[in-house]
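> If you want the building blocks of each chain, they are given just below.
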Amino acid sequence: MPRPGFVLDVDRSTPPILFWRGENFSLEKLPAGRSRVIYPPEPLPAIDDIDGAIRAALLNPVDHDPLPSLLFPGMRLTIAFDDVSLPLPKMRRPDIRQRIIEAVLDLAADAGVDDVHIIAALALHRRMTEAELRHAVGDRVYDAFAPRGLLYQHDAEDPENLAFLGTTPHGEEVEINKRAAESDLLVYVNINLVAMDGGWKSTATGLASYRSLRHHHNPDTMHKSRSFMDQHRSELHKSNWRMGKVLLDSGVKVFQVETTLNTDTFPKPFDFLSKREWEWTAKDRMTFLGTTKALGRTPARMARNIFHSIEAPHQMTSVQAGEVEAVHRITTEHVYAQQLVEVKGQTDILTMGIPYISPYNVHSILNPILVQVMAMGYYFNMYRGMPLVREGGVIILTHPCRPEFNPVHHPSYIDFFEQVLADTTDPHVMSQKWETKYAEDDWYRHLYRTGYAYHGVHPFYMWYWGTHGMKHCSRVIVVGGDPKTVRRLGFVPASTMDDALEIASDVVGRSPTITHLHTPPLMVADVV
Amino acid sequence: MRALRVQRRPAKFAVARVASAFGAGGAARIGPIDLVDVDPPALPGPGWQRVRPRLVGICGSDLSLVEGRASSYFEDWISFPFVPGHEIVGDTDDGRRVVIEPVLGHEARGFAPPFPGAAPGDGDDYAHLVDGPLQPGIQTGFCCSTGGGWSDEFVAHESQLHTIPDSLSDERAVLVEPAAGGIHAALMTWPKVRAATAAGTVPVVAVLGAGTMGLCAIAGLRRHVPGVRIVVGARYPHQQTLARALGADVVVSPDELSRAVRRESGGHLVGDHLSAGAHATIDAIGTAESISDAIRFTRPRGRVVLMGMPARVSVDLTGLWHRETELVGCYTYGTETMPDGSRRRTFELAIELAATDSLDRLLSATYRLDDWTDALAHAGAAGRRGAVKIAFDLRPHEREKN
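Protein chains in written order, with the working numbering: chain Z, 515 to 1042; chain Y, 8 to 409.
Careful: at least some of the hints might be erroneous.
Unchecked claim - Reference excerpt, derived from the structure (chain Z facing chain Y, CB under 8 angstroms, subset only):
(1) I928
(2) D929
(3) H960
Worth flagging that the hints you see were computed from the coordinates, not collected in a lab.
Backbone N, C-alpha and C fix where the C-beta goes; we use that ideal spot for every residue, glycine too.
In isolation and in its complexed conformation, chain Z is listed as follows (with noise of 0.2 angstroms):
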C-alpha cells in the first residue's frame, strides 16, 4: 500500500534534504524546528490490464454514447493527441497514446472508417521529431499513416487549415484545427500529468492558433488563476471552459479520452531520487555520491543527453473517456488522489530544486526562461487552497541558470532574453510592447512551421505563468545561478542555501518559516 504523501517537521537529527540543480543535485542542510519539507505521495499502482481498460472506456464512457455507435463508414475521423510535453519524463514503449490510438484505430476499422487523420495537438510547442512521434504513437501507427500525410502536427499559423467557430460572451475568439472542427467525430487523447492538463484545454488549446489562444496566454488571466492545479480557481481553465461552448456550440463532436499517470518517476538507478532522505540506504548514499562526482565533473550537455534519455516507469492508474467535462471531473479526483498532499498553513520562504527538465524543454535545454516557468509557473502554482508560501513571502530556488539556450527549439527565446528582459521583466508592460512584434516575427513563424522551434510568442507565455508568483513574492533568490544570468531575470543570485537565507532574511526577518517543496516527483499541496 502506497504512502501518502508527507510533511515532514525538521529537526537536528533530520539528515540534509535532496535539492535537484539542473542536471544535478545537492544536499542541503535546513534550519532545524522552523523548516519542513513535503514529500510527494508515493506512487499509486498502476492498472493491471491497461487495454483492457482503454477498451472499456472506449466502450462504455462517461456521458456519452460508446465509440463504436459513433463510427461509421465514410465519416471523417480525426485524432488528437498530446505532444510531446507530456509525460515528463517520456514513459518506456509502449506509450499509452499508442495504446489508445491503436484501440480507436482498431473501432473505426471494424466500422469501415477509412477517413482517419491523426493530429499531434502541439499548439505553439516546436514540431515532434520522427523519433519523437514514432514513440508517442508507435511504430505501426507512424508507419501507416504519416507516409500518406494522414498523421501530422497541427499548425497554429496556417491560415488555409483554421477554422474559425465563433466568439465566447467574454470576447475571446475561437479558432481551432479545420481538420479536427470539421469532423464528424475528434477523438482527443490525453495524458494528465498534473491538474492543469486536459479537459477543455486539451482541444481549445491544443489545436488552437494563436489568435485564440491570446485571449487566456496572456498576464492578466495567469494573474487570476488561483492556481492552474485548481480549474474552479483558475481563469485559465474557466476561459478554456468558455471555449469549449463555443465548440460545442459550432457542431465539433469531441469524444474526450483522458489518463492519469502515477508518480513512479526515476528508472533505477535513479530511483533515489524519489525516496525520502533518512530511508536511503548505504546504497542509494553511495549512488548520490557517485553520481554527483560524476555529473559535476561531465561536461553539460552530455549530462543533460543523460537526463533526456531517461524513460519513466510511470503508469496508468486510470483511462475514461466520453463527453469531456464530465470525463475530466473523474480525471482530476484520480491526479489529485496522486498528488495530494495536505499542508497546514503558509511559509514565509518556499524553497525548491529545479530540476532538468520542464514541458518546453524535452530532448533540449533548460534556458533561464523556463527556469522561471518552471518556479514562478509550476511549482508555484503546485496548490490548492492558497498558495504555499505567504504574500510578500520569499521562494530560493536551486538551478546553475546558465545564459544557455537551443537555438533550434528556442530561436526567440534568445531574443526575449536579450532584448525584453533587458528591457523588463513586468508581464503586463512587456505584453503591451513587445508581444506582437514577436508573435507576427516572421522569421520565428518559418521555424515554427517549418522547423522545430517553439513559436515566437511563447517565451512571453512562459514569462506571463509566472505573473502571480512573481506579484506574490517580495523576492526569487537562485541559489547557484550564474549572477548575471539571475539579474536579467529580475532574481537574486546567491552563491550558497546560507546566504540565500540571509538574503532572504531582509524581507522576512531571521527566523523565517521554511518549506521545501520534495518534487520531482509530481505533487500538489492543499493548503489549509
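Since the structure of chain Z is already known, use the hints to place chain Y on it.
For chain Y alone, kept in the frame of chain Z given last:
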C-alpha cells in the same frame, strides 16, 4: 624641444608587434618610439605656422604604428622619422587657438585644390601626398617635415587650421578631429538610409565598436542622418552607457549584435547569416572579425563603411560577393554632401558637435608627455580600463610641472 619620435627600425617594429600582444605599455617601451630632444621643424614656406599643442589625443592609428601593427601600405606614404599626433588643439605663433585638420592636402603641398574651397582631404588623386616641398606623409603626425602633436611644437599649413571660439574648451576641442571622422562615416551611410526611407522602411545602421570612433559615428548619425535606427555592439559597460547617451537606439554586447540587427531590420537568421540586415554598417574596429561581421550584418546591396583602420586581414568575401555588398573605406573627412543637399566641411560640422555637451565624457584621462609609456599603455587598454580617449596635456601649466 621634446618630441615622441618614431624611427624606421624594422627590428624594433617587429619586437613591438610581438610585445603588443602582451599590452600596449610593453610595446611602447621597446618599440621604435622614443622621447627625444630635437630641433623644431623648419617652416616649409609661406602660409605655414608654428603650433604649440595644448591637448593631443592618442588615436588607434597612432597605436597601431607604434606597436608595429600597421600595414606596410604606409611605407610609401609616410616619411621617417615622424612625430605622431594628429588630434590636436593648440596655439599658433600669431595667437590663435586652433584645431588641426591633419590631412596634408593640395594647398599645404603647393598644388591647386581639386575645386575651389576644397578641404585638405578632398580630391581623387593622391600624388600630392608624396610631392611638393614636404616629405611624403598623408597627414600631420606621419610626415617628417611637419612634426606632429606629440611634441612641444610642430608646423601646420593655413589650410589645416581651424580657429576655435573661446567658448570651446580644450577638452572639447581635442575631440574635434575624431568627431569629424565619425561624422564622415555617418554621412557615408546616407545614400542607403535615404533609399530605405524612400522605400517606406525604417533605415537601420549598425555600428560595430564603441571606442572613440564608434561613439563619434553614433553622435554623427544621430545629429546628421535623419530617421535612422542605430544598433550598436559595444563590448564594455561604459561604452554601452555612452553609446546610449549619444543616441543609439539599441546597444548590446558584440555577441548579441547579429540578433539585435535582425530584430530591428526583420528577415531571417540563416545559420550565422542574416537574410536581410542593416541598410548600412559602420565598422569602427577594423579587424578581420569585425569586417566579416559587418558583411554578415548588412543586407544585400547594403553598405559597409570601414572606419577602423585595418591592416592585412583574412576575410571570406563570399558573402560580400553574393550579397553585392558595398565595402567602402572611410579614412577621413573633407567636404560632405548633407542629407538636404547642401555642402559642408566636415570639420565645421565637428566643431559644431564638439560645442555641444555630447562628447564631454569621451576624454577620459590626460598624461604629461614624460609619462608617455603610461599614456600609451592606458590608450591601448582603454576599453578594458573603462576609458575612451587618452590624451597628452602639453599646456603651459603642465610644462611648468615638467
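> Each of the hints needs a verdict: does it hold here or not?
Here is how each hint holds up against the structure:
1. I928: OK, holds: I928 of chain Z within 8 angstroms of chain Y, min 6 angstroms.
2. D929: holds (5 angstroms)
3. H960: holds (6 angstroms)
Violated hints for the displayed structure: none, as all numbered hints are satisfied.
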